[in-house]
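S.K.: Mapped onto the working numbering, the consecutive letters of the sequence shown carry residue numbers 1 to 221.
Honestly, the hints are just simulated from the structure, not real lab data.
Mixed in with the good hints there might be a few duds.
[Stated by the list, open to error] Below are the DSS-like pairs computed for lysine-lysine, each with C-alpha atoms no more than 25 Å apart in a straight line:
#, residue 1, residue 2
1, LYS87, LYS168
2, LYS124, LYS38
3, LYS38, LYS126
4, LYS168, LYS38
5, LYS124, LYS168
6, LYS136, LYS38
7, LYS76, LYS87
8, LYS168, LYS179
9, LYS136, LYS179
10, LYS126, LYS168
11, LYS136, LYS76
12, LYS124, LYS136
13, LYS136, LYS126
[Claimed, not checked] With beta-carbon atoms standing in for the labels, derived distance ranges:
#, residue 1, residue 2, range
14, LYS126, ALA178, 22 to 28 Å
15, LYS168, THR37, 19 to 25 Å
16, ASP81, SER128, 55 to 61 Å
17, GLU40, MET67, 34 to 40 Å
18, GLU174, GLU207, 35 to 41 Å
19, ALA178, PRO209, 35 to 41 Å
Computed from a predicted structure; not experimentally measured.
Every residue gets a Cβ at the ideal spot worked out from N, C-alpha and C, and that includes glycine.
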Amino acid sequence: MKKILILTAVLALLCSCSDFLNIRTEATMPTYGFDYTKTENIIMPLSAAYASMRLGEGEAFHYISVMEIVSDDADKGSSADDGAPAKQVDEFTLDPANDCVNTVWTYFYNMSSAANYAIESMDKFKESITAEDALKQVDECRGEARIIRAWAYFNLLRIFGSVPIIDKSMTSEELAAAKPSSEDQIFTFIYNDLDAAIGSVESSWDEYPGRYTSWTARALK
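When you get a sec, could you build the whole thing from the sequences and use the hints?
M.R.: Okay, structure coming up:
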């Protein structure tokens, strides 16, 4: 009887903690139950897009490998048998499983995906909100998300050349069927995002240091 009571107590404890244990992944937004009528929610999809930019390896060693080691601006260092993926990059002997290349590819496409979601969310907010100051915030947040997306594609273009332009949420089947765009098409896509941001984002933020401004878009362009 005592064992049954202990087991029941443990099960009750685990059930009560289910909401705490099921934590949504950082830099993602809920796929259901999101209220687009609340103005306090406007910033949330953009915050997730910003968070996607600080998720580690895409801007650290792997990025250095494909941008600096490959051009001999940096040296891999260490021993010959250490850091095999970086050694492949250095010697131009890449294979499809190279971790440096795959990490950077995934990092910037995840960033673009988060920006796409933020842009699509701003469209939904615009359909649900009428307050003029809130609509201005929606346009600003959309512009910032477009700068983030432009930064992602600027790096994808520099590193990989012709890549698929993914400018909206897609199913896995649609993503698998996506075809590379030309470099000219990608440059045009980047310029369009930056021009839109220049016309909608604040030139400075007194309250939010670190957020992108219209000058960020001008500098990248």
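S.K.: Mind listing which of the numbered hints don't hold for this structure, in increasing order?
M.R.: 1, 9 and 11
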